[in-house]
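Student: From first to last, the protein sequence lines stand for chains A and B. Just so we're aligned: the first sequence equals residues 1 to 211 in the working numbering. Just so we're aligned: the second sequence equals residues 1001 to 1578 in the working numbering.
Treat the hints with care, as some may be off.
DMTMM-like mimics (lysine to aspartate or glutamate), calculated; alpha carbons at most 20 angstroms apart, straight line [as the list claims (entries may be wrong)]:
1. Lys1287(B) to Asp22(A)
2. Lys127(A) to Asp171(A)
3. Lys1287(B) to Asp1338(B)
4. Lys1311(B) to Asp22(A)
5. Lys74(A) to Asp1338(B)
Listed next, the stretches of chain B that the computed footprint assigns to chain A, with coverage defined by at least 3 CB atoms under 8 angstroms from CB atoms of chain A [said to hold, decoys possible]:
6. 1137-1146
7. 1241-1249
8. 1485-1496
Bear in mind the hints are in silico, worked out from the structure with no lab data behind them. The beta carbon of each residue, even a glycine, is placed where N, CA and C say it ideally should be.
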Amino acid sequence: MGDRDSQEIAAASVLNISLTVDSSLVKEFYVLLQAGFTVKCLVGVSIEKLFYDQLKLNPQLVKEKISTIFLSGKPVDDIATATVQDGSILALSGAMPGLVGATLRRKSPLASFRQSISVQSASKNFKKTDGYIQIKLFNILLKELGLFFLEMGIYVPRAMFTSFVAQLTGDFYNRCRQILINGKHIQLKSSIEWLSLLANYDFVYLKVLAE
Amino acid sequence: MDKILRIDVGAEGGPKATTVPIGEYAGLGGRALTSAIVSKEVPAASHPLGEENKLVIAPGLLSGSMSAMSGRISVGAKSPLTGGIKEANSGGQPSQVLARLGYAAIVLEGKPKGDDLYKIFINKDGVKISVDNTLKMFGNYDVVEKMKKEFGEKIACISIGPAGEMKLAASSVAFTDMELRPTRHAGRGGMGAVMGSKGVKVIVLDDTGMSMRQPKDADKFKEVNKKWIAGLQAHGVTGQALPAYGTNVLTNIINEAGGYPTYNFKEGRFAGAAKISGEVEAETETKRGGVATHGCHSGCVIRCSGIYNDKDGHYLTKQPEYETVWAHGGNCGIDDLDTIAMLDFLDDNYGLDTIDMGAAIGVAMEAGLLKFGDGQGAINLIKEVGKGTPLGRIIGSGAAVTGKVLGVERVPVVKGQAMPAYDPRAVQGIGVTYATSPMGADHTSGYAVTSNILGVGGTVDPLRPEGQVALSRALQIATAFIDSLGMCIFTAFALMDQPETNQALIDLVNAFYGWNWTADDTAEFGKKVLTMERDFNARAGFTKEQDRLPLFMKNQPLAPHNVTFQVTDEELDQVFNW
């Protein structure tokens, strides 16, 4: 997955997939969530505004669980000043072990250890506009936020979705209660059946409801 | 723990065991004790595999007690890998068992007169040493199976594999876990070779009939231990991330930070990282009937280990840790967990340091001996080590020797020891510790979080550039203290974020020994340990020129951030100016 900006996705052909699954299947989608997915949002705003104004995340969760944040590969200390732009990659993680894990945390007392790669204080003059950012969820945040993003809807490149369905077993389809492709009910029993459906599209827009 | 077991392997008529009072070493345990004995009793100019070197095995000050997380054990000697003093520590059961048997340390000294291989059995009745040449060139797993048949299953074992017998510089000392498997290793610095040079294949411990070590103030100790456990379980790292995913939870975020050494430290990000992440590893273990949350020793409440089964659901190895997954994974361009797990098993069975092995194979790949990403080739190379072929002995001697033999410029070592899984060009502070630790490149030397950061005993401004040096100094001091207690260093995160948990640890020591230590006292203790170690190295010929990272760190920018190591030599030289 490289950066996904608004021009690329706006010009792409997108297949809409909506799945209703048994709640035990949600973790099957974690592989997509940790590799990175794309969402549409208002960009040119701080991570803090993205979290609270757009995604409506619980402040307690942000404070206590989202302890490590990378903006396009750079550790973030201050979510109020770090700004997401079109094509940004935002990786979210819990507090991590190891000296370096502790070093990479937001406002770590060890922050100087990685100052050469940290997000520096950003200009506040970015233009606010619609755009696309890529999000990666790691470790404990898969459970905390995975279903939230799946219900909201995520963009995934066709190649990644093809790899994802290729490793699904028959058990997945037994516990998958409904498949809607571009709004139409489809019966699928094996991964091979996805290939022809996906052939003419660049991206999948995936929504998952868990029951 | 008021006695030391000294075994002179070169005594007339065969090895002779003598139990002596702890004497001048009272109040020391773990790393403090191994370093004190080595520093005082081993001539710094001695050969690491010779008669004058001593192998010291010491449980921590709190090992064998009811305190949670106190099951680490230290192994010390003059290192055949670095040429300096070494303390390598390990989890597993032997620390608790040896402490309950009352021994503060086992010291193997002298040089055996022949080439017999010895096994040592220690229980409440004493010590029995016998020749057992049937164990020659046994892997650690087979050694333990044989000991189980001979001594039963209520034992704990300390052993070496073929690599230790061959006295290879990257060989480890193995410690059995709760399932009586030799999966825990004092991996770094070639301690297995020193044990091999003493002719000792295995030490079998049986604490049947012995009880827990009792604290001086039992009520206080019980009360504080509850706070200690509660603090560990309440913390996000020690209570959630580590139990759920193990240490390999780091793969995704170190990779995201661009500090994941890839293709022998050529790049900072590995395209295959998501396939070998802790998240995938834990899921794989669970699906195959293994275990994703498991302690490496009794009394562990963090439980960051696990059990990794093969595709057919059969035990393959313990959960490979982050360092191992990186060393054999991203560093070698291998993105297959099953291949990495097999390499982990082979390292454990032959008795090898997984970090130095991964680094040595990465160097061999850079030399063109095999291609990056060649998993089967990597497995074959480790098997060469087990067989003792000339190539295998080169690889088993570690990355530094491999680099010299194969003519490679980019060799990621400090003081001859391979760098662990964090590139110091991206995370420069850890480079300060890699460069200056008396142990050589070691991610655990500056790990614990000190009272200094908590504002006790001095202050550091972490945002000043010179803060990196001050922080590394403080971290190394605190780690020397933690390593001496037998405490797992993963407790450090709860110590950093929760002052009450930090205080609980100090109170735990005080209640056990009847001391009145403050945070400043623990810092002084850590300084004392580091001073002994630095003094030994100085006498062994080390100068400030050894406190440096390899040159490529300064002149080869690391993608994706395109950074080089910027901390100056002058700054590095300030680390130990207390």
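Student: Determine for every hint whether it applies to the structure shown.
Tutor: How the hints compare with the structure:
Proximity of Lys1287(B) to Asp22(A) is assessed by CA-CA distance (about 18 angstroms); at most 20 angstroms being required, the pair is judged to hold. In summary, the hint linking Lys127(A) to Asp171(A) is not supported, as the alpha carbons are separated by about 47 angstroms, beyond the 20 angstroms threshold. This hinted pair checks out: Lys1287(B) and Asp1338(B) have alpha carbons roughly 14 angstroms apart, not beyond 20 angstroms. A C-alpha spacing of about 26 angstroms is found between Lys1311(B) and Asp22(A), which places the hinted pair above 20 angstroms, so the restraint is violated.
Restraint check for Lys74(A) and Asp1338(B): not satisfied, since their Cα atoms lie roughly 31 angstroms apart, outside the 20 angstroms limit. Judged by the Cβ-Cβ criterion of 8 angstroms, the stretch 1137-1146 of chain B is not covered by chain A as claimed, because only 0 of its residues qualify and three are needed. Under a criterion of three residues with beta carbons nearer than 8 angstroms to beta carbons of chain A, the stated coverage of the stretch 1241-1249 of chain B is upheld, 6 such residues being counted. Chain A is given as covering the stretch 1485-1496 of chain B, and this holds because 4 residues of the stretch bring a CB closer than 8 angstroms to a CB of that chain, at least three being needed.
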